[in-house]
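Protein sequences appear in the order of chains A and B.
Residue numbers for the first sequence follow the numbering used here, so the first one is 68 and each next one is one higher.
Residue numbers for the second sequence follow the numbering used here, so the first one is 68 and each next one is one higher.
Please note that a few of the clues may not be correct.
Identical copies go unnamed one by one, so any copy, or any two together, can satisfy a pair.
Said to hold, decoys possible - Simulated pairs of lysine to any residue, SDA-like, Cα-Cα distance not exceeding 20 Å:
#	residue 1	residue 2
1	K159	A282
2	K243	A346
3	K186	T221
4	K186	T253
5	K243	S337
6	K186	N230
Read the hints as simulated data drawn from the structure, not as lab findings.
There are 2 protein chains.
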Amino acid sequence: MLQNDAKRTASQVISTLAIVGPGLIGGSVAAALRQRGAVGRVLGVGRNPASLDVALAKGLIDEVVTAEQAAQRADVVLLATPVGATQAVLQKMLPFLQPHTILTDAGSTKADVVEVARKVLGAAVSRFIPGHPIAGSESTGPAAAHAALYEGRTVVLTPLDENESLAKDVVVEMWKACGARVLVMTPEVHDTVLASVSHVPHFLSSVFMWQVSTAVDSDLRLAVAGSGFRDFTRIAAGSPEVWRDIFLSNREAVLHELREVRAAFEQAESALQQADGPALENFLERAALARRLWASRSGLV
Amino acid sequence: MLQNDAKRTASQVISTLAIVGPGLIGGSVAAALRQRGAVGRVLGVGRNPASLDVALAKGLIDEVVTAEQAAQRADVVLLATPVGATQAVLQKMLPFLQPHTILTDAGSTKADVVEVARKVLGAAVSRFIPGHPIAGSESTGPAAAHAALYEGRTVVLTPLDENESLAKDVVVEMWKACGARVLVMTPEVHDTVLASVSHVPHFLSSVFMWQVSTAVDSDLRLAVAGSGFRDFTRIAAGSPEVWRDIFLSNREAVLHELREVRAAFEQAESALQQADGPALENFLERAALARRLWASRSGLV
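All chains, please: the whole structure from these sequences, using the hints.
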C-alpha cells in the first residue's frame, strides 16, 4: 500500500495523513512527522474554523477537508478529538474509506473506543488500531502543538485480534517517527492503569481546585498558594470537555480506583486524627521514596 | 541596635545572622542576603555535620557554632528547622540571648510555634517575629539552597501584640532583601489558609502516591504515568519528617479542611456514579477557570 505510493521518500512513513482535530495532540503528530520528513500531505478535519486557521497558519496541516474527503484521500486517519466524538466521526467516514485506509486514534480511554469502532466499522475494524499517546499539556489547541511533544514519551497501542499486521506496523512506525516509545497492552488493562495514574489525579486536582475556589476566603487562600499548589493543581486547568468524556468513558474503572484512594485517604486521616506521628511518617516516607524512585526511572523530572 | 554596629554597610540589614538549620530554606536566605550585601557574618547551627559541611563549602555560612554561641553572638536568629524542633532550640538559646537579639522562624505552621515561643521565651517573645516563607522545593538540604529562591515569592509574617516594632521592621527588611513580598496576618488565619493550599495538597498527593505504589500492578501503572502524574505527585517527594511535623502541628485545621475536601470529592464522585455529564463538566469547568485565573494572577506558571 504505502510502499507503492510514488510520492513516498526514503524516510516517509505516511503519504497522506488526515488529522481529525488538529489541536495539541493531533497537531503535534503532524509537526513531529513533518520535522522528520515522515509525512507527505496533511489534511485537517475540524469543527472550529478559527482553530483550523491556526493549524494552517502554523503549517501543521496543508488543507482543510471534510471527514468524508479525508476518508477518501488519506492513507492514515488519526482521530484526535475528545473520545465522545469518535462514533460520529467514524460513521461519517465509513462509506468513503478506501480499502487500504488505516485508522487510529489518540483517545485517553480505549475499551469504549474499541466498542464504538467495532459497532460502527464492522469488518473494517481490522484497520482500526486504537492508541493513546501519554503526553499532553494544560495548554490546548494547535497553537500549543510542537514537534517535540512525543520525544521520549510513551504511546500505548491496544491492537485488536482482528487487526491486520501491516496496519499495526504503520501506526507503530508513525509514533516511533514522532520520537515515542510504543507499549502494547489490552484495552481493558490500559483503562485500568490509566484510571489510576491519569484520571484519578485529574479528578483529585479538580475537586481540590473547585473546593478552594468556592471557599468564602478563597482570595486569601489563593494569595498564599505557592509552588506546591501550582504543581498539584496544574492538571485541573485541562479541557473540561475532554475530561468529562474521559470520566464518562472510563467510569467503572475510575469509580473503582476512587474507592481505593478513599480507603488510603481514610487510613492516613485516621493516623492524623490520632496524632500518630510514626504512622504518619511511615506513610509519608513510603510515598516520598516511591515518588523519588519513579522520577529516577521515568526520566520525567 | 543594628544601626550602631560599626561593621554595618549602607545596604546591610543584619550584621551577624545565625541560621539554625542552614538547609534549603535557611541556606537560601543566607545566599540571597549575601548576594545583596545585606548581611555581615553568618553563623550556622545544626545537628548534621555533613550538611553543615556543605553549607560551609557553598559559603552559605561562615562558621559552625552551637545554639548557645549563636544566641550570644547573633543580632538575628532565624530558625529554619522542622517546626517540631522549635521548643528545644529556643530553650537552649534563652539563657544566652542578648538584649537586642531578634528571633524569627520559617516554620510552615504558626499557632503552635507562637504557643511554644510564648511558653519558652516569656517576656523575650517581644523579639520573636513568627514567619513563613511560601517557597520551597522537593529538593532539600544546603546543596539545593540558592539566592533566587524567594525572588517574587510571598513571605507571611504573623507578628504578635507583644512584638517590638523595630524587631518587626528588621525581619520585614530581611525578607525584602531576599526579594520577597511580605504579607501580614494572624497565626490562626495563616494556619487555616495554609492547611487549605499547602497541607491538604501534600496530604492528597502523598496518599495517592502511596496508594499507587502499593498496588499489585504498580510497575505497569508507573510505566504509563505521564506529565500530569509527575506534576500532581511532585510534592509527595518532600521530606517525611518535615511534613509529619506540619500535619501534627496544624492537625485541627488540616482535619477540618480534609472534611471539606471529602464533601467536594463525594459530590463529584456522585455525579460520575450517575453518569451526569453536565454536572461533571460544570465542576471541571469551574476548577479549570479558577486554576487559569490563579495562574495569570500569581505569576506562578
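Evaluation of the provided hints:
1. Proximity of K159 to A282 under the C-alpha cut-off of 20 Å is found in neither arrangement, the shortest distances being 46 Å within a copy and 42 Å between copies.
2. In this assembly of identical chains, K243 and A346 lie within 20 Å of each other by CA distance neither inside one copy nor across copies; the values are 45 Å within and 39 Å between.
3. In the homo-oligomer, the alpha carbons of K186 and T221 never lie at most 20 Å apart, since the shortest distance is 28 Å inside one protomer and 56 Å across protomers.
4. For the identical chains of this complex, K186 and T253 are intra-copy neighbours only, at 18 Å inside a copy versus 62 Å across copies, given an alpha-carbon limit of 20 Å.
5. Taking CA atoms no more than 20 Å apart as the test, K243 paired with S337 passes in neither setting, with 47 Å inside one copy and 40 Å between copies.
6. For the identical chains of this complex, K186 and N230 are intra-copy neighbours only, at 15 Å inside a copy versus 74 Å across copies, given an alpha-carbon limit of 20 Å.
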